[in-house]
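Using the hints, put the two standalone chains together into the complex.
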Amino acid sequence: MEVTPPKRALKFLRWFCREEFLEEIEGDLMELFEKRAGVSLQSARRKFLWDVVCAFRPINIKSFTINNWTMNAIQNYTKVYFRRFRKETTHYLVNTLGLALGFAVLFFILMYVYDEEHLDRYHTKADRIYRVLEKRTGEDGEVQHFSATSNMLADGLKDEFPEIEETAKMLSLGSGGLQYGETLFNDRNYVFATKSLFKILDFNILAGDPFQDVNGSVGVVLNETTAQKLFRDEDPIGKIVTMPGRMSSVEVVAVYEDLPATSTYQFNTVYVSDFTQFPSYYGNWLTSWDSRGMTTWALFKEESRPESVQAKKKAFMEKYYNDEIRPHHDFYFQPIAEMHLSSAHLDAFGTDPVQAVPYSQRQFVSIIFLIGIFVITIAALNYINLSSVQALKRTLEAGIRKVNGATIGQLRFQLFVETFLTLLIAYVLSVALLIIFHSKFLEFSGKDIPLGRFFSPELLAYHAAAFGVIWVLSSLIPAIYYSKLNHSLMLTRNVFVGKGDLLRKSFVVVQYGISLCLIIGSIVLYRQLHFVQTKDLGFKNDKLLTLDINSGAARQQFKSIITGLKANANVINATTSSRVPGEWKSIPSVELTLVQNENPVVATHYAADENWLDTYQMKLKAGSNFSGIAGSDTLKVILNEKAVELLGLEDPVGKSVWLSEDTLSKMQIIGVVKDFHFQSLHEPLGPVVITSWNNPVLGIDYFTIRYRENVSDVLTHIETVQKRYDPETPAEINFLDERWERYYQADQSRSYLILIATIISIIISAFGLFGLVNFTVERKTKEVGIRKVLGASIPNILQIILRDYVVLLLISLIVAAPVAWWVLSSWLQDFAYRIDLSVGVFTIAFAAVLVVSFATVIARVYRLAKSNPVNSLRYE
Amino acid sequence: MKEQSLGEFEELVLLMVAAHHDEAYGVLILESLEEKLDKKVNISAIHVALKRLEKKGFVNSRFGGITTDRGGRRKKFYVISALGKSMLDKQYALRTSIYQEIPNISFN
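Those protein sequences? They're chains B and L, same order as listed.
Start counting the first sequence at 5; every next residue gets the next number (this note's numbering).
Start counting the second sequence at -13; every next residue gets the next number (this note's numbering).
So here's chain L without its partners, still in its complex pose (with noise of 0.2 Å):
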């Protein structure tokens, strides 16, 4: 099988979900990685990005209650999988290690 790659926003989504956990929903994402990022993001970005972690197996969904907020649609919560954290460590001790390789440099 290909290697499961992570994009850029999509890695971002994923954190977010996993930060939010069991809570995380696409209004409540989009909200704070505004807030992050300090940039507008639309949401049917957001839609995208969680439809395709979701397929990749790094996330898992299942619907909320049904409540007279939101027109009466329900809420579709996002939790990270063990795939999916398994993947964000991987990137994150990737980084961090070639992050230590850099030298001293100054620049002044």
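Just chain B, with the same shape it has in the complex (with noise of 0.2 Å):
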């Protein structure tokens, strides 16, 4: 038997053994192996490995740090790095702000774009919980979308399907309010729902309980925040609340923590009821299947998917829906998590409750992520250009490395490393700027996210991630040409090599292209938004203040409320109507028609009073107002320009129309009103009817006041005018023109966000450009000096340095405008009434960057041209 210790062992006591040593104690391990090999091989294989054992100890251990160049070849790159660092500060600088100011717009926009993905995702069933959509084909054929199901919905889907573990429906009512004792204030974010809601969604009860019987009668559940709002410091459970107009004693039986900001909807109340508890004459319409208005939830049993009920579906329509009203009525399933993103397509209904959170569009956020990505590889090209010319500077360095047997592996890890210790150093400054522009963010974004979910682990693998795509790619560049740089120069001091050129230039334009794009996108965004918000609506929306009609004593008083409206002094003129323009519940339509059922045209329908005209200050065309005496207006009509034109009228004052709704009625045209606009701009101008107050079919819901100034005190006398003739039910004042502004609030906090990265795109740039300009600057320095020895003056010698970027600059435009032009006219698509695009903002654009660009290098090259050329031929 061949007589050998153990292998491994010996292996290992070779490997870990400090060289100076290995020789005396392997030598004695050996020879005592082989004495003791003569009386038992066995024993002295273990004796030997145990020997080996106690040898491992720290005394004979090799230094590894000396010895292993990576541990050795880090310490000594991040030396060389921070050398560099103090050497050449702007470079550095450049490059590591322009990370750190990427970074930070990469993450702000990462966590816009996570809660935005994540909002109602909180919920601990949310991947079984559906919200049901409602289908709903008009009689011409029409077909709008809304998340205002048929009210038995909820009730059939629970009977009919196995599939359905259980099923909730809710319902908001416009306007309420919520009195204890003296305590009475105003909130329509209220629903009526009943108790299986509560086991649908998520709520943390704080106290009390939602599912106790209360008698059969109606239930009140409050949020903290109402609860607190409510009762001060007293108990709320059991305690007896009203809500005016509505529900007279309602029992609080719980109260439950405020939703979280990631949801939706953040009911402040929810009133639980099987709706057999309302007034008699909502009766019908609660049980009928051929109505809108509850919004339905849906939660699924595990494994179940909304698939299997779909392919279900035929029967249980047949089942439930008479041949009448089948054709017009379809329902889909929205699971819980799509519903901030996916709800686009729906139309606003009155029953809906009120959206904490307002839907976005799935485009955008896409948008707004493309554009992080855009400002991110901004800043990643300024780096890998910035460091590929610093490289090819570092011809001696990378020589004597080199020279002293660096392998190319080795020299790009050094650029790997330097990468790795700027990109850290930005990510540093990115997290400080992330602290200190936390609040200005949430305020742009209209977001209300802590600082600390910033840095939750979902967000940080995000980070690391981002962190470790921009490492890889930023490295690869520069680190290529510092190890492959030529051979015969490498000794040579400050030789620089013009490799790469096309490669750099064609970043730059890269660069420019994108900052271009985005400084023509903001300037179209907010020349838009500025177009929408001044535009001649018809009508002066600004001071106006509505006030809701609310219960059946302000309606019948109207008039005498009017009256009482007026009487101060800084009351121009009040008004009453059905709807107001900007109104955020639906507008009824009725179709008109010059003779009988032949050509429909669908107008929207106002009742209003002969005020209206005037407080609205809108213009008569032709023909004449209301006239104010009640029965001789009752069948009196007044249409908008569009009506007319629609209706093919050549003289329309005294002609008459027929309109028909539920019922059909002839009425006499007195007067046409010029166009104005009564939705979004985001929509058409509409044919518009307006009738007198006592028409038959539409019943008035609003006061308009018209102030001249002071706002407060009228505020105040409106109070007073309404505890006057109602005093059960709180006054609700809005203003008109804040209601408007809610048409563009999307849009501007889009805008915002994007004017925003964009600028940040224009200073990463001209750090980039600075950056390079700098060094090219640097290289030139002594041409500039025998040229200027030759005679060249300071224009000539500015012209010589910039001309290069001035063409890059022409390039990127070329490239960009006809990408900026698509998109954006695509995004303007959506309005009805937009700006032109014009050649002018493309020129803003290019003379923007061009500005920005060159502002920050004409400095440093004035300061070349200016210098003496005895200095600059004797530099290097």
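Nothing false has been slipped in among the hints.
In silico DMTMM-like cross-links for lysine to aspartate or glutamate, where the CA-CA straight-line distance does not exceed 25 Å:
hint : chain 1 : residue 1 : chain 2 : residue 2
1    : L       : Lys25     : B       : Glu38
2    : L       : Lys42     : B       : Glu23
3    : B       : Lys39     : L       : Glu9
4    : B       : Lys51     : L       : Asp55
5    : B       : Lys670    : B       : Glu654
6    : B       : Lys15     : L       : Asp55
7    : B       : Lys11     : L       : Asp55
8    : L       : Lys42     : L       : Asp8
9    : L       : Lys42     : B       : Glu24
10   : L       : Lys37     : B       : Glu27
11   : B       : Lys66     : L       : Glu40
12   : B       : Lys39     : L       : Asp55
13   : B       : Lys646    : B       : Glu602
14   : B       : Lys39     : L       : Asp24
15   : L       : Lys76     : L       : Asp8
16   : B       : Lys51     : L       : Glu20
17   : B       : Lys39     : L       : Asp8
18   : B       : Lys39     : L       : Glu17
19   : L       : Lys41     : B       : Glu27
20   : B       : Lys51     : L       : Asp24
21   : B       : Lys51     : L       : Glu(-4)
22   : B       : Lys66     : L       : Glu(-4)
23   : L       : Lys37     : B       : Glu24
24   : L       : Lys42     : B       : Glu27
25   : L       : Lys37     : B       : Glu38
26   : L       : Lys37     : B       : Glu23
27   : B       : Lys51     : L       : Glu17
28   : L       : Lys41     : B       : Glu23
29   : L       : Lys22     : B       : Glu38
30   : B       : Lys51     : L       : Glu21
31   : B       : Lys39     : L       : Glu21
32   : B       : Lys162    : B       : Glu342
33   : B       : Lys39     : L       : Glu20
34   : B       : Lys659    : B       : Glu595
35   : L       : Lys26     : B       : Glu27
36   : L       : Lys26     : B       : Glu38
37   : L       : Lys41     : B       : Glu24
Pair by pair, the computed Cβ-Cβ distance ranges are:
hint : chain 1 : residue 1 : chain 2 : residue 2 : range
38   : B       : Asn80     : L       : Tyr85     : 56 to 62 Å
39   : L       : Gly51     : B       : Thr411    : 37 to 43 Å
40   : L       : Thr54     : B       : Asn80     : 40 to 46 Å
Note that these hints are calculated values from the structure, not bench results.
Keep in mind the model is a prediction, meaning the values are calculated, not measured.
All C-beta atoms, glycine included, are put in the ideal place defined by N, C-alpha and C.
Encoded structure:
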């Protein structure tokens, strides 16, 4: 048998043992082994192994920090990096700041996108909760989608489909309020809902029990804030509150913690009801399948999918919808997590609960995400460009390292380490920026995200991913340049090889292309928003207040209320109407025909009194206003120009027109009002018919007050008048222009985000340009000296250096313009009233980039151009 | 300079190096020590002691010639230095002088 010690043990010994001790130790161990092997090989091997283990002690272990090249290299690379940082401060600062800004923008945007994508996902059963949506096909074939479904749908779904574990329905009825003793306030943010809502959605019940039985009457569940507001320090459970105008004596059954900011709906109050307690005139509507009102929730059983319900839908439809109504109804399921980003197709309806977070669009989230990628790309390209020119300058260093035996791999690795350090510093700076600008971000984005969530594990994972990708991508090119420098030039100092010029230039083109796109985008966005906000609406929407009519008392005494309202020096005029322009509830429409049932024109229907036109400062084009005498106005209408045009009337005043809603009535046209906008300018202007307040089909719902000045005085006055005629209901007053702003709020916050990202992208691009020009200036120092000696003037020299860059900018413009044009025109398509995309916009964008970029470099170039040629000739 | 110290085990190893003048190396020291002490000693303990002694300047070392034994590894021989010898003398003198001061104690 062969007498050898255990191979692995020996190998291990040789690996860890210090070179200078190995000979002795190994020798002694071998000698001992040989001696012992004479007795028993088995035990000798065992003892050898034990001896090796005993020898594995600090004094014998070689210093891996000294002999292992990786450890050593990282220390050395770091040292060299910081030395260069001190030497080439401009270069490194520009690089690092650019990346830090890029990171900060990216991280803000990631947070925004993450938040948008995660709305409503906090429910524990989120993957099984669906909202049921209604697809309604009108008589004329027009398809509309609503979140307001048939009122019986929830009951039907639960009865018929075993896949569905639970359903719930909820309903909002517009204005509402709460009263407890002396405390009384308005709150539109409530729902009537079945108890099962608490089984489907997550509510953190703090006190009481929402499922508790209150003898068949309605119970109310409050959120913490509302309970606090209503009861201060008292215990809310069991207290009796009133919902003015709707419900008297409702018992508080539970209090829940305010729903998180990541919830689309944030009910302040949930009235728990099985809808049998409603006044009898609701009865038919609440039990009708041909109705539209309830928001319906469905909780599917584990492993069940809505597809199986969809497949069995036909029989269901036939069972519950009679032949007459069935063609108009259809429903489908929307996962709760999709609610925020996939609801843009829904039409608003009066019974929709208030959304705490308005719907957004996936398209916009993608755009914002793309912008984040753009900005970080610009920063990364900067880094690549600046580091590759730096790498080319480091010939001497690369040479020395190579002479000392560094491999190409090691040189590349060095650049990877350096990029890592730069990114690390940039990351730390960006975290500081996140903290500093956190509150500004919340303001612009309209979100409520605590700072801690920016550093949640998931977000940190995204940070790490972004960091990693940028690290690898932006190290690669500089590393290749650095490691492949021409060997023969290696040991010469400051030789510059013009390698990679084309690549660098194309990077500059890409950077500026992106910046230009973003600038053009921001300008167009801003102009369009300015346009829609200042466009002549056909009436004046400032200095108008609306007061909701929420009770029969107010409705009956409206004339006295108007007289009361007018009795204040600051009130110019007051009127009543069924709806107001800028309305959030749907505005009823009516069919207009000249001859009965022929070529109907669907027009928006307003009912108003004789003060309406004056209060809104709308202009009559022809004919006259309502007389104000009840009897004579009943069958009179005023049309807008659009309606006249669609009806094809030449001389409309005095003509008759048929109005068909539920009933058919023949009306006389007494006037034509100039077109006015009553909806967001996303929508085209439509035909309008105004009937008198005492028309047979439409009741009044609002007062509108035009005031002169001193709003607070006017507001107090309105409240006093309201109290006088309707002491039960709290006054619900709104500024009309604020309602109009809601139409553009989403656009507004988007435009802010985009504008800021754009400004930062220009800054980062300018950083990059500065770095490149700085480098060019260094390189051309001697050239400039020679030119000056030969008689070149300062402008000549500026021109020589800047010419190249102007050309690059022009190329970027040529590349960027069509892209921007295409994207923006499709966005503008969304507006019925829009600005034109003019050449001017592109010129402004180009000029902006030119000015910002050159302003940053001109000082540097000018200093060179002005310098004494004697000094520049001595350079190097 | 700090007074050089000598641990108990180190002292034994140093004595053994001195005893096997010019012939002392790891395995020999180990075997003699085991014999004298009548207990098992691990070789690496000897190595560590030798390293320390060498660092303190009490022993000098040299490599022997290559043989076919020991896997072709050379022996490392240790010789006591003058400093080492004087250290041993001092220790011996110290111990003897104290020992002589012990009165006659009877243990019965």
